[in-house]
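A.B. asks: Here the structure of chain A is known, so what remains is to put chain B in place on it, guided by the hints.
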Amino acid sequence: GNSVTQMEGPVTLSEEAFLTINCTYTATGYPSLFWYVQYPGEGLQLLLKATKADDKGSNKGFEATYRKETTSFHLEKGSVQVSDSAVYFCAPRDSGGSNYKLTFGKGTLLTVNP
Amino acid sequence: NAGVTQTPKFRVLKTGQSMTLLCAQDMNHEYMYWYRQDPGMGLRLIHYSVGEGTTAKGEVPDGYNVSRLKKQNFLLGLESAAPSQTSVYFCASSYADSDTEAFFGQGTRLTVV
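For the record, the sequence lines run as chains A and B. Everything in the first sequence is counted per our numbering, starting at 1 for the first residue and increasing by one. Everything in the second sequence is counted per our numbering, starting at 1001 for the first residue and increasing by one.
If we strip away everything but chain A, and leave its shape as in the complex, we get (with noise of 0.2 Å):
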C-alpha cells in the first residue's frame, strides 16, 4: 500500500513570502496525487491533484507537479495571503484493484501573518 511523508508544520509565513511544502510518498503502483486543504473549522476539499508523471495542478496560485522519478508531489505558492492559513494535506490515491485506499499525511499546518 501507500505511504507518505509530509513536511510537519507548523510553518508560520508572512504575507507574500514563498511557501513550499514537501511531500514525497511510497506506492506499489502509479497513484493519482491530490492537495488538500483544510479551512478552519471545516471538513478537506480538494486544492489541485496531478494523475500522470509530469503532470503539474494547480489552483488558487498553488502548484504541484508529479515527478515520478524522486516520488514527490511538492507544494508551491509564490505569495502567500493570510486567507491561505491553513492545514495541507498530501494524498496518494492508489489505482487499480486497491483504487478505494486513500492515504493522507499528517497535514501540514500553515499560518499566514499580515
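Rather than coming from a laboratory, the hints here were simulated on the basis of the structure.
Partial list, derived from the structure: chain B residues whose beta carbon lies under 7 Å from chain A: (1) G1042; (2) V1050; (3) F1090; (4) F1104; (5) G1105; (6) G1107.
All values reported here derive from a predicted model rather than from experimental measurement. Backbone N, C-alpha and C fix where the C-beta goes; we use that ideal spot for every residue, glycine too.
C.D. replies: Then chain B, alone, in the frame of chain A:
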C-alpha cells in the same frame, strides 16, 4: 447540490452512552469512509465501505460499528462511548475512479465526558 452531509455537527455524550452519526451523500459515490481527526494525529481511518451492504475495518475500528444499508448513507455507531473517543469525525465519499477526489463532510465534534 448538498454533497456530503453529516449529522449532528456537535454532540456531548456521557461515558457509556451510545449514539449514531449519520453521513449522507447525494453524488452516487461508490465508496464511503469514516475518519477521526485528533490534534497532531492527522486523519485516521475508522471504517470504510466500497458499496452498498459492504463494510470493512480501517486503522482504528475498535469501539465503533458501521452500516451501509443504502448507497447514499453510511452510519457510524458508538455502542458505549469512552473519553478516548472525544474527537472530530469526518465522513468522506468518492467514486471508484482513482483519478477523482474524495468529498468530505463538515465534521462532527464529539465530546465524551
